[in-house]
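Engineer: Numbering of the sequence shown is given in the numbering used here, commencing with residue 16 and proceeding in unit increments.
No lab work stands behind these hints, which were simulated from the structure alone.
Fair warning: there could be bad hints in the mix.
As the list claims (entries may be wrong) - Pair by pair, the computed Cβ-Cβ distance ranges are:
id	residue 1	residue 2	range
1	ARG91	SER236	44 to 50 Å
2	PRO28	ASN178	38 to 44 Å
3	SER41	LYS181	19 to 25 Å
4	THR148	LYS181	25 to 31 Å
5	PRO243	ASN102	36 to 42 Å
6	GLU167	ASN142	44 to 50 Å
Even for Gly, the Cβ is constructed at its ideal location relative to N, Cα and C.
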Amino acid sequence: MEIKPKDQSGCIPYHEKSGRLLLEASYNNESFLMIIDTYCHFSQLPSDWVVKKWKLKKTPYRHSTIDVNNKRSKVRLRLMDTISISNTFSASNFYIRPNKAFNSFEVGILGLDFFNDLNWKFDFRNNEICYNTQPYQLLNTLISNQFDRNTEFPWLTISIDQNEQKVIVDLGAGNDMMIPAGSKLGAYLIEKYKLIPRSVDSGGANKLGGSDIQYKIKLDSINIQGTPVKDVEIIISENTKSSYIGCGILKRGRLYLNFKGDSSSRGEIGLELYKH
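Based on the sequences and whatever the hints tell you, model everything.
Structural biologist: As structure tokens, this is what we get:
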């Protein structure tokens, strides 16, 4: 896949719904919205569009996925010859995963495959996403980390009472944070605060009808990469197998994602918290 911006650098506005960020895309003279999701390798669109309406060509590649009920499956990727994003980016040979869960919502997901070829700054106060062919400088950014862009999602480390947890940076989540109940940190918080479980519908944006047992707690402060962050609400889930930090926290600062730099495999993430 190849992503071509109109210019070497620039900024584009985004839409917002339920705490999530969306960009407008167009294909075959049709416009639609796609949720930005940095915890998803491949972009996704409704199966009714991809398979039935557009009849996109099958590829040899399959995408492994897991639903809200922890059921694993593999879905064959399809190929779009070209797609336009926000009238600014043109992507050719764009891999798409058809997703039946989006059929009734007419919305898609813009995954990491789209972001991999550029460097990005998410400026939440100005409601815009900036891009650059050159990496953003993170020397003065207190919350920062490197990740292997070939094998890892962008991630940070949180610490609560000296209990550390690796968390994926998930722009596709509107809440503050979620961690597994089966993790060391999850079990610690449940025991320390005597949290009471509750049954919830975990379908989320997918509306798959899954159920989950969750605990919820709001802490005065946690540490992210050694930096204190106040007033954080954490959901502890029996269903989830991984931890993530969502837009509820990420929007408290400027988020930087450097995918293209001096190294072919190392990416950088930085979160510059707003002072006021």
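Engineer: Determine for every hint whether it applies to the structure shown.
Structural biologist: A quick look at each hint next to the structure:
1. ARG91 - SER236: 44 to 50 Å: 46 Å, holds
2. PRO28 - ASN178: 38 to 44 Å: 39 Å, holds
3. SER41 - LYS181: 19 to 25 Å: Taking Cβ atoms as reference, SER41 and LYS181 lie about 37 Å apart, which means the hint is violated.
4. THR148 - LYS181: 25 to 31 Å: 30 Å, holds
5. PRO243 - ASN102: 36 to 42 Å: Since the Cβ atoms of PRO243 and ASN102 sit about 40 Å apart, the hinted range of 36 to 42 Å holds.
6. GLU167 - ASN142: 44 to 50 Å: The hinted range 44 to 50 Å is violated for GLU167 and ASN142, with Cβ atoms some 28 Å apart.
Checked against the numbered hints above, the structure violates hints 3, 6; every other hint is satisfied.
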